[in-house]
Amino acid sequence: MKTAIIEKVNFSKENDHTEIHQEHVHRDDMGAKIGMWLFLLTELLLFGGLFILYMAYRFQYSSSFILAARELNVGIGALNTIILLTSSLTMALAIVAIQKNKKILSMILISATIIFALLFMVNKYFEWSAKIGHGLYPNSPTLLDKEKGEIIFFGLYYTMTGLHGLHVIIGVTLLAVMLVSLKKNNTRSDKYVRLENAGLYWHLVDLIWIFLFPLFYLIH
Amino acid sequence: MENVQEIQQEHHSGYGAYVLIWLTLIGLTILTVSVAGFELGKLTLVVALGIAAIKSGLVINIFMHVKYDDKIFKFFIGVALMILMVAFVFTSLDVFFR
Chain A
839 MKTAIIEKVN FSKENDHTEI HQEHVHRDDM GAKIGMWLFL LTELLLFGGL FILYMAYRFQ
899 YSSSFILAAR ELNVGIGALN TIILLTSSLT MALAIVAIQK NKKILSMILI SATIIFALLF
959 MVNKYFEWSA KIGHGLYPNS PTLLDKEKGE IIFFGLYYTM TGLHGLHVII GVTLLAVMLV
1019 SLKKNNTRSD KYVRLENAGL YWHLVDLIWI FLFPLFYLIH
Chain B
2 MENVQEIQQE HHSGYGAYVL IWLTLIGLTI LTVSVAGFEL GKLTLVVALG IAAIKSGLVI
62 NIFMHVKYDD KIFKFFIGVA LMILMVAFVF TSLDVFFR
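Residue numbers (this note's numbering), protein chains in the order written: chain A, 839 to 1058; chain B, 2 to 99.
Just so you know, the hints here were simulated from the structure itself, not pulled from any lab data. Worth double-checking, as some hints may not be accurate.
[Stated by the list, open to error] Stretches of chain B that chain A covers, calculated by requiring three or more beta carbons in the stretch to come under 8 Å of a beta carbon on chain A:
hint, segment
1, 54 to 68
2, 86 to 93
[Stated by the list, open to error] Simulated crosslink set (DSS-like; lysine-lysine; CA at most 30 Å straight-line):
hint, chain 1, residue 1, chain 2, residue 2
3, A, LYS1029, B, LYS43
4, B, LYS43, A, LYS986
5, A, LYS1021, A, LYS871
What you are looking at is a predicted structure, and each value in this text was computed from that prediction instead of being measured. We treat Cβ as the ideally placed atom computed from N, Cα and C, and that holds for glycine.
Please build the complete structure, drawing on both the sequences and the hints.
Rendered as structure tokens:
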């Protein structure tokens, strides 16, 4: 069955394209994945640079870091960790579902991933507004009165969780696009590499949080 | 035809395997939060990073499917991690022994 479908698709594509490329029209799933991974590794180095900054300043101002970290709510941080891990699960399951040709189930699982991602952002919103309510935001008078180490801690906290939050928003956008792609059958059981790549991006967002959580919330 | 063969060779995990990994990840999260409550001194950071490393290993290998994918991806990740390590090591040499 799969053979028939693929051949038909390739055939109709060939007819639409110029004659020159007729024999070369094919899909390169492996190439698509390699491209995605190369991009993810540049993301790793982007966040890696920030983690190096964190390491250097934490060594220099370890007591201030411990003092400043007390302002963060471990409960919300842990809850957000569990939310992101669960969203990674629903993402992985969405790919299994499309492999088994269960389109509706796959769409439900992607929607669940999006809902978890939005929940994460809602928690983040409450967390940040509580901090800002306490006068703790970059360049605020309250913060500038504190020690240098604490100012740096909050600078890193806002930069790193902010950049991570931006990635969550991009991830949600990608997943929404995938939802439409599934609906239109552009992504289906024999053609799902885009969903896999969107999934890889989403797992990267989860991976970064796995390190952000203990480094900012769990220092005592 | 090549395409079809590739599809058949791919490893397809079931739903159950992923749920198990998820439970492990949740367990490790609970562990890292409870361990943070103990007075371990300098070990706290080592333990926290160790657990984070185990968790990311699970996410990369199982959720991101690297365990079953082509070896080229393991090579890519290895090279990127090495570059990152070099940056970490040389920065720490400067910071710690200044």
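A quick look at each hint next to the structure:
no. : hint                 : verdict
1   : 54 to 68             : holds (count 8)
2   : 86 to 93             : holds (count 4)
3   : LYS1029/A x LYS43/B  : violated (50 Å)
4   : LYS43/B x LYS986/A   : holds (22 Å)
5   : LYS1021/A x LYS871/A : holds (22 Å)
In summary, the structure is inconsistent with hint 3 from the numbered list given earlier, while agreeing with all the others.
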